[in-house]
Amino acid sequence: MKKVEIITRTFKLDDIKAALSEIGIKGMTVSEVKGFGRQGGHKEVYRGAEYQVDFVVKVKIEVVVEDSRVADVVAAATKAARTGQVGDGKIFVIPVEEVVRIRTGETGDAAV
Amino acid sequence: MNAADTAFVLICSALVMFMTPGLALFYGGMVRSKNVLATIMQSFILLGLVSVLWAVAGYTLAFGKDIGGVIGGLDFLFLNGVGLDATGGPVENIPHMAFMIFQCMFAVITPALISGAFAERMRFGGFLLFSALWILLVYAPMAHWVWGKGWMAEMGALDFAGGAVVHMSSAAAALAATVVLGKRKGYGSQAFMPHNLPMTVLGAGILWFGWFGFNAGSALAADGFAVNAFVTTHMAAAAGALGWILMERLHSGKATTLGAASGAVAGLVAITPAAGFVTVMPAILIGLGGGVFCFLGVILKSKLGYDDSLDVIGVHGVGGTWGAIATGLFASINKATGLFYGNPSQLWIQLASVAATWAFCFTASLILFKLVDATVGLRASAEEEDRGMDLSQHNETGYQA
Chain A
29 MKKVEIITRT FKLDDIKAAL SEIGIKGMTV SEVKGFGRQG GHKEVYRGAE YQVDFVVKVK
89 IEVVVEDSRV ADVVAAATKA ARTGQVGDGK IFVIPVEEVV RIRTGETGDA AV
Chain B
49 MNAADTAFVL ICSALVMFMT PGLALFYGGM VRSKNVLATI MQSFILLGLV SVLWAVAGYT
109 LAFGKDIGGV IGGLDFLFLN GVGLDATGGP VENIPHMAFM IFQCMFAVIT PALISGAFAE
169 RMRFGGFLLF SALWILLVYA PMAHWVWGKG WMAEMGALDF AGGAVVHMSS AAAALAATVV
229 LGKRKGYGSQ AFMPHNLPMT VLGAGILWFG WFGFNAGSAL AADGFAVNAF VTTHMAAAAG
289 ALGWILMERL HSGKATTLGA ASGAVAGLVA ITPAAGFVTV MPAILIGLGG GVFCFLGVIL
349 KSKLGYDDSL DVIGVHGVGG TWGAIATGLF ASINKATGLF YGNPSQLWIQ LASVAATWAF
409 CFTASLILFK LVDATVGLRA SAEEEDRGMD LSQHNETGYQ A
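These protein sequence lines are chains A and B, in that order. Each residue of the first sequence is one higher than the last, beginning at 29 in my numbering. Each residue of the second sequence is one higher than the last, beginning at 49 in my numbering.
The set of hints was computed from the structure by calculation and includes no laboratory data. Watch out, some of these pointers could steer you wrong.
Below are the BS3-like pairs computed for lysine-lysine, each with C-alpha atoms no more than 30 Å apart in a straight line [said to hold, decoys possible]:
hint, chain 1, residue 1, chain 2, residue 2
1, B, K231, B, K349
2, A, K118, A, K107
3, A, K54, A, K30
4, A, K31, A, K71
5, A, K118, A, K31
6, A, K62, B, K233
7, B, K231, A, K62
8, B, K231, A, K71
9, B, K82, A, K71
10, A, K118, A, K62
11, A, K88, A, K118
12, B, K418, B, K233
13, A, K62, A, K30
14, A, K30, A, K45
15, B, K349, A, K71
16, B, K418, B, K231
17, B, K302, B, K349
18, B, K82, A, K62
19, A, K88, A, K31
20, B, K351, B, K82
21, A, K71, A, K118
22, A, K62, B, K302
23, A, K88, B, K82
24, A, K88, B, K418
25, A, K71, B, K233
26, A, K45, A, K107
27, B, K418, B, K351
28, A, K54, A, K71
29, A, K88, A, K30
30, B, K418, A, K71
31, A, K30, A, K107
32, B, K418, B, K349
33, A, K88, A, K107
Could you build all of it, start to finish, from the sequences and the hints given here?
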């Protein structure tokens with residue numbers, strides 16, 4: 029099992045969700061995160077005073093899938109999230125030791 | 049006595065009362081989220097503290113029988129002799145009690161204006177003690193000088209609804225606060241960004257609405273001068289908003305919502321001393337000037353490096369001073385004549401009243417801040433400031449995670 033962690037532009041969330049649903053992904057965890065990469069921050073101005081805001085708001089989508097589906101998920105998410113501009117974000121694939129479905133106690137691939 | 053005038057003044061009193069919670073939201077949105085309640089409290093609780101003080105002693109110090117042009121006597125201590133007819137009041141057409149409660153609402157909002165200068169770092173106890181002393185020893189004399197037949201009124205200074213009494217006085221106290229309290233921790237190195245501008249814009253809207261009571265009500269009658277003050281007030285606020293966003297466009301490229309709200313308030317401040325003495329076209333110029341000059345005043349703050357958290361000096365000091373001078377230039381109705389209508393001496397009187405107001409209010413406020421600092425303490429500790437004033441002063445938070 030692998031966790032696919034997609035960090036990208038907030039307004040792409042709906043597109044990614046639709047793309048993953050289309051290939052049969054039935055669940056995900058979404059959070060609002062802040063950070064910076066090559067895109068850097070932006071400038072905000074209040075009553076003439078300029079502030080550099082270093083941390084840009086992004087969305088983080090986490091999906092856990094069987095090893096065989098990782099390539100499909102990454103491909104679908106990449107296609108849905110890409111704008112071609114700096115700031116599209118990154119996808120991380122992380123090994124998952126164990127999964128437990130709390131309701132039934134099932135483990136492993138059956139619980140994903 | 050006149051029933052229509054009485055009804056009008058009572059409604060205006062309620063409008064002015066509503067400005068204080070409006071100011072609480074205006075200021076509350078501009079601070080960081082950890083200080084939102086403490087900032088709101090520094091306005092809201094003055095509805096409690098100042099109202100009671102006003103009834104007990106503030107009103108008589110401001111409007112009791114004149115003693116040497118400087119202070120009112122104790123004739124109306126505990127509101128003795130403030131009755132339901134006009135006896136002892138300043139005008140014949142409304143009950144003395146109606147005049148008292150209208151003035152009470154002005155007394156409430158004025159120290160609340162100061163709180164913008166020391167927001168995010170003032171201890172609650174020190175704030176309460178300072179506000180109480182300030183109402184009795186600074187605000188009451190100022191109100192007496194200008195509206196209670198004191199020396200500024202005798203000199204012929206024009207202040208229709210409180211350019212000196214409310215705005216310059218609170219700004220001078222704000223300046224004293226920045227001197228005594230110093231900067232917020234991290235000022236200049238960290239970003240101090242407003243946490244909820246929609247709240248600030250709502251507050252500005254409530255202030256604009258309440259200001260009709262403040263300025264039109266200062267006619268103390270439902271007459272043509274009240275109508276004039278109502279219209280000049282509205283037009284000045286409108287022009288102030290435009291003036292400020294124009295300056296923003298030129299200075300930093302984009303107009304902002306905070307700028308529009310600040311500009312409207314700046315226009316309202318500027319028209320306050322003039323509302324009943326000028327006609328509508330000069331009012332538009334006064335409001336526009338308010339927006340432009342107050343924006344420049346706020347910009348100047350970052351250059352001078354003092355920490356007036358929410359720009360009390362930039363908005364109320366600059367706007368109030370400009371309004372008082374503009375009254376000396378543009379006055380043309382209600383038995384007042386300014387420089388542009390052939391009476392240059394009015395401008396000199398206005399300048400003298402501006403200088404005296406700043407000098408007295410700054411000095412007296414500085415002494416009071418030092419006094420409170422030396423006794424109960426003014427400044428929150430560095431750790432309290434880090435945790436936020438909501439938790440450290442009030443054991444509560446504005447927002448749950």
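These are the hints, each one checked on the structure:
{"no.": "1", "hint": "B/K231 with B/K349", "in the structure": "holds, 12 Å"}
{"no.": "2", "hint": "A/K118 with A/K107", "in the structure": "holds, 12 Å"}
{"no.": "3", "hint": "A/K54 with A/K30", "in the structure": "holds, 15 Å"}
{"no.": "4", "hint": "A/K31 with A/K71", "in the structure": "violated, 34 Å"}
{"no.": "5", "hint": "A/K118 with A/K31", "in the structure": "holds, 14 Å"}
{"no.": "6", "hint": "A/K62 with B/K233", "in the structure": "holds, 24 Å"}
{"no.": "7", "hint": "B/K231 with A/K62", "in the structure": "holds, 29 Å"}
{"no.": "8", "hint": "B/K231 with A/K71", "in the structure": "holds, 23 Å"}
{"no.": "9", "hint": "B/K82 with A/K71", "in the structure": "holds, 23 Å"}
{"no.": "10", "hint": "A/K118 with A/K62", "in the structure": "holds, 13 Å"}
{"no.": "11", "hint": "A/K88 with A/K118", "in the structure": "holds, 10 Å"}
{"no.": "12", "hint": "B/K418 with B/K233", "in the structure": "holds, 20 Å"}
{"no.": "13", "hint": "A/K62 with A/K30", "in the structure": "holds, 24 Å"}
{"no.": "14", "hint": "A/K30 with A/K45", "in the structure": "holds, 18 Å"}
{"no.": "15", "hint": "B/K349 with A/K71", "in the structure": "holds, 20 Å"}
{"no.": "16", "hint": "B/K418 with B/K231", "in the structure": "holds, 16 Å"}
{"no.": "17", "hint": "B/K302 with B/K349", "in the structure": "holds, 20 Å"}
{"no.": "18", "hint": "B/K82 with A/K62", "in the structure": "holds, 19 Å"}
{"no.": "19", "hint": "A/K88 with A/K31", "in the structure": "holds, 12 Å"}
{"no.": "20", "hint": "B/K351 with B/K82", "in the structure": "holds, 27 Å"}
{"no.": "21", "hint": "A/K71 with A/K118", "in the structure": "holds, 23 Å"}
{"no.": "22", "hint": "A/K62 with B/K302", "in the structure": "holds, 25 Å"}
{"no.": "23", "hint": "A/K88 with B/K82", "in the structure": "holds, 26 Å"}
{"no.": "24", "hint": "A/K88 with B/K418", "in the structure": "violated, 52 Å"}
{"no.": "25", "hint": "A/K71 with B/K233", "in the structure": "holds, 22 Å"}
{"no.": "26", "hint": "A/K45 with A/K107", "in the structure": "holds, 12 Å"}
{"no.": "27", "hint": "B/K418 with B/K351", "in the structure": "holds, 26 Å"}
{"no.": "28", "hint": "A/K54 with A/K71", "in the structure": "violated, 39 Å"}
{"no.": "29", "hint": "A/K88 with A/K30", "in the structure": "holds, 16 Å"}
{"no.": "30", "hint": "B/K418 with A/K71", "in the structure": "violated, 39 Å"}
{"no.": "31", "hint": "A/K30 with A/K107", "in the structure": "holds, 20 Å"}
{"no.": "32", "hint": "B/K418 with B/K349", "in the structure": "holds, 23 Å"}
{"no.": "33", "hint": "A/K88 with A/K107", "in the structure": "holds, 16 Å"}
In summary, the structure is inconsistent with hints 4, 24, 28 and 30 from the numbered list given earlier, while agreeing with the others.
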